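**Student:** One-letter residues, chain by chain:
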Amino acid sequence: MPRKALEKKTDGELLAAYRAEGDIVYFAEVYKRYMPLVFGVALKYLKDREEARDAVMQLFEELADKARRGEDVTEFKGWLYVCTRNFCLMALRRKERNLTLSLDDSFMEFLDEWHLEDIGEDEEREQALRECLGRLPEKQRIAVERFFLEELSYREVEERTGFPMKAVKSFIQNGKRNLKLCLERKGIRG
Amino acid sequence: MKRNDDIRNYLRGDRRGKAANRLEREALSDPFLHEALEGYDVLPGNDAGDLERLERMIDRKGYRGRKMWWGYIAAASLLVGVFLFLWKQEEPGEEFFRQEQLATVTSLPAEQDRQEDMVVEDSVVEKSGVVSLERVKVMQDEPVEHVVQEEPEQKQLSRAVMPRMQVMEKETRTLPVNDSGGATVTGWHHVAGRVTDSLGRPLPGVVVRAASWGTATDASGRFSLRLPDSLHSLNFAYIGMEAAERSFTPGDSLRVVLRDTDAFLGEMVVTGYGNSRKKPFVGAATRVETVREDSLGVYLTSVLKEKAGKWFADGIREFEVTFKVGKDGRVVRPRVLQAPSVEVERSVEKALLEAPVWEERFRGERLRGVLRLEEKDGQVRFSFRLR
Numbered sequence: 001m002p003r004k005a006l007e008k009k010t011d012g013e014l015l016a017a018y019r020a021e022g023d024i025v026y027f028a029e030v031y032k033r034y035m036p037l038v039f040g041v042a043l044k045y046l047k048d049r050e051e052a053r054d055a056v057m058q059l060f061e062e063l064a065d066k067a068r069r070g071e072d073v074t075e076f077k078g079w080l081y082v083c084t085r086n087f088c089l090m091a092l093r094r095k096e097r098n099l100t101l102s103l104d105d106s107f108m109e110f111l112d113e114w115h116l117e118d119i120g121e122d123e124e125r126e127q128a129l130r131e132c133l134g135r136l137p138e139k140q141r142i143a144v145e146r147f148f149l150e151e152l153s154y155r156e157v158e159e160r161t162g163f164p165m166k167a168v169k170s171f172i173q174n175g176k177r178n179l180k181l182c183l184e185r186k187g188i189r190g
Numbered sequence: 001m002k003r004n005d006d007i008r009n010y011l012r013g014d015r016r017g018k019a020a021n022r023l024e025r026e027a028l029s030d031p032f033l034h035e036a037l038e039g040y041d042v043l044p045g046n047d048a049g050d051l052e053r054l055e056r057m058i059d060r061k062g063y064r065g066r067k068m069w070w071g072y073i074a075a076a077s078l079l080v081g082v083f084l085f086l087w088k089q090e091e092p093g094e095e096f097f098r099q100e101q102l103a104t105v106t107s108l109p110a111e112q113d114r115q116e117d118m119v120v121e122d123s124v125v126e127k128s129g130v131v132s133l134e135r136v137k138v139m140q141d142e143p144v145e146h147v148v149q150e151e152p153e154q155k156q157l158s159r160a161v162m163p164r165m166q167v168m169e170k171e172t173r174t175l176p177v178n179d180s181g182g183a184t185v186t187g188w189h190h191v192a193g194r195v196t197d198s199l200g201r202p203l204p205g206v207v208v209r210a211a212s213w214g215t216a217t218d219a220s221g222r223f224s225l226r227l228p229d230s231l232h233s234l235n236f237a238y239i240g241m242e243a244a245e246r247s248f249t250p251g252d253s254l255r256v257v258l259r260d261t262d263a264f265l266g267e268m269v270v271t272g273y274g275n276s277r278k279k280p281f282v283g284a285a286t287r288v289e290t291v292r293e294d295s296l297g298v299y300l301t302s303v304l305k306e307k308a309g310k311w312f313a314d315g316i317r318e319f320e321v322t323f324k325v326g327k328d329g330r331v332v333r334p335r336v337l338q339a340p341s342v343e344v345e346r347s348v349e350k351a352l353l354e355a356p357v358w359e360e361r362f363r364g365e366r367l368r369g370v371l372r373l374e375e376k377d378g379q380v381r382f383s384f385r386l387r
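Protein chains in written order, with the numbering used here: chain A, 1 to 190; chain B, 1 to 387.
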């Protein structure tokens, strides 16, 4: 099977082919696309490199089975995310009876479709954005400007501003939220 | 896929620039990506390396089925070949076989103690009938006594389970028969070498491979292999060692050093079920030993004895560690700074976590110090000095 041909197929096509022909190569291809995400999430929850590696392999086998049995997987990535998290949480629960998960920094609004970069399009928006940026607490403003307007990475923002990485991330998140609220008050939606 | 490469570059690189910004921004609206990046931040280590290894493992699973299928075809054609060979052989009778053995001995005098894997290509097998008939014509002029005389030596040669098959294989390799020997193989070259671990000790039984040719190292870690001209690199694999790939030019003698993998077996947890009865306690309780600055080295030496020797041999002399001593005297969040290797980092951090409780006066403090490895009376010891 030429790999190039596999690489061109979409997730959906690969899964359909896998269900029809049962050849694990199809599933391996689609799984590998998201493997860095699976591994990262496993690292986050299990906090152990070896266990995370095992989790990636075990999930591969388990999900290959489920996907084969025709479990309805319309959106592979979302499905994979849910499965990965559940798998990790189960693994943790086996280790510790009373598991508490902190929601501090992973608890955020992911689903907003709002993007700062779209805003510079017309003058009214531009004006509103400038005003709202000006009203942000200074540290948030600096972090937001560097990240969204100058397109610096977290690490670069950290170096330029001297804020610790964790602070950079929360300034950006809070700043973004405040900006959004401020713009909405002015009647502008992203 | 593009996304996949993005993350890999991000992990491998220094996380700067527009590409990094784009990924981080994407993570703001993608919880999966967001959590994954968090995960990579939490644990330091060779993320890109781990990913590559995982990908290889998955590939292996993905393509195993396919290989088995080819295996069946190869086995089937082998059977047909053997059948043809035996059938042809019946015609000239007993003498034919003797003469054929002679052919091997005379054409391949240096072949005897070469360690070679037995590889039989389908096409070779199928052609063999023709090849052997040609040879019968050539050899019939030779005196028969000579043939008998050579026979014991030949026995030594055929060490495989199927002596006939091996004879056949060796002949087809050396004889200038134009259309035999597989479609792609035109000539052969030698490569030999020695495989050791990082301390220079020979590794026996290392699997040495190139495409479908291969062998294993002998007791002194040596191997020698004859390969088609088209192959110029060898793979080395051994349990507990990182696999290695080396390229060579014909006639080379390779010195291959395999490094230990940092993959350990997981811990085993033993859980007990059932009731235990409380017994009255009589006697004196031993005092719980506490750790001080000067006894940490002794503790580490006792738990990491074997590893320390290896690290010392690898040239590791000292590194810094920092950790907090909790209110209960236990070590919290140990870190090896600029760890010389993943193994050192992991083993030392684990050992620190499991160390006995620290003395009263250190509790609640963050400590930082240098761990030094020294050799005394043939044993490698740790010593620890606070900063």
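Among the clues, some could well be false.
[Claimed, not checked] Covered by chain A, per the in silico footprint, the following chain B stretches (three or more residues, Cβ under 8 Å): (1) 5-14; (2) 21-27; (3) 75-87; (4) 365-377.
[Claimed, not checked] Subject to a maximum C-alpha distance of 30 Å in a straight line, what follows is the list of computed DSSO-like cross-link-like pairs (lysine-lysine): (5) B:Lys-305 to A:Lys-4; (6) A:Lys-95 to A:Lys-166; (7) B:Lys-376 to A:Lys-47; (8) B:Lys-376 to B:Lys-305; (9) B:Lys-324 to A:Lys-4; (10) A:Lys-95 to B:Lys-376; (11) A:Lys-8 to A:Lys-77; (12) A:Lys-47 to A:Lys-95; (13) B:Lys-305 to A:Lys-166; (14) B:Lys-307 to A:Lys-9; (15) B:Lys-305 to A:Lys-186; (16) B:Lys-18 to A:Lys-95; (17) A:Lys-66 to B:Lys-305.
Keep in mind the hints are simulated off the structure, nothing from the lab. Only a predicted model underlies this, so the values are computations on that prediction, with no experimental measurement involved. C-beta: ideal position from N, C-alpha, C; glycine also.
**Student:** Take the hints in turn and mark each one as holding or not.
**Tutor:** Outcome of the hint check:
Here the region 5-14 of chain B counts 4 residues with a CB under 8 Å from a CB of chain A, which clears the bar of 3, and the coverage holds. For a cut-off of 8 Å, the count of residues in the region 21-27 of chain B with a CB near a CB of chain A stands at 4, and the three-residue condition holds. Using a Cβ-Cβ cut-off of 8 Å, 0 residues of the region 75-87 of chain B lie near chain A, which falls short of the minimum of three, so the contact claim is violated. Remark: the region 365-377 of chain B is not confirmed as covered by chain A, as 0 of its residues place a Cβ nearer than 8 Å to a Cβ of that chain, below the required three.
Of the supplied pair hints, the one linking B:Lys-305 and A:Lys-4 is violated, its CA atoms being roughly 50 Å apart against a limit of 30 Å. With a C-alpha separation of about 28 Å, the suggested pair A:Lys-95 and A:Lys-166 falls inside the 30 Å cut-off, and the hint holds. Simply put, B:Lys-376 and A:Lys-47 have alpha-carbon atoms about 37 Å apart, too far for the 30 Å limit, and the pair is violated. For a cut-off of 30 Å, the pair hint linking B:Lys-376 to B:Lys-305 stands: about 13 Å separates their Cα positions.
Between B:Lys-324 and A:Lys-4, the direct Cα distance comes to roughly 51 Å. Violation of the 30 Å bound is thereby established for this hinted pair. As the CA atoms of A:Lys-95 and B:Lys-376 are separated by approximately 41 Å, the hinted pair breaks the 30 Å bound. Distance restraint check for A:Lys-8 and A:Lys-77: the Cα-Cα separation of roughly 17 Å lies within the 30 Å cut-off, and the hinted pair is therefore satisfied. Straight-line distance between C-alpha atoms of A:Lys-47 and A:Lys-95 comes to about 13 Å, which keeps the hinted pair within the 30 Å bound.
Proximity of B:Lys-305 to A:Lys-166 is assessed by CA-CA distance (about 38 Å); at most 30 Å being required, the pair is judged violated. Taken as a hint, the B:Lys-307 and A:Lys-9 pair is broken in the structure, with Cα atoms around 48 Å apart against an allowance of 30 Å. For the given pair, B:Lys-305 sits about 68 Å from A:Lys-186 by alpha-carbon distance, which is inconsistent with the 30 Å threshold. Between the alpha carbons of B:Lys-18 and A:Lys-95 the distance comes to roughly 40 Å, so the proposed pair goes past 30 Å and is violated.
Straight-line distance between C-alpha atoms of A:Lys-66 and B:Lys-305 comes to about 46 Å, which puts the hinted pair past the 30 Å bound.
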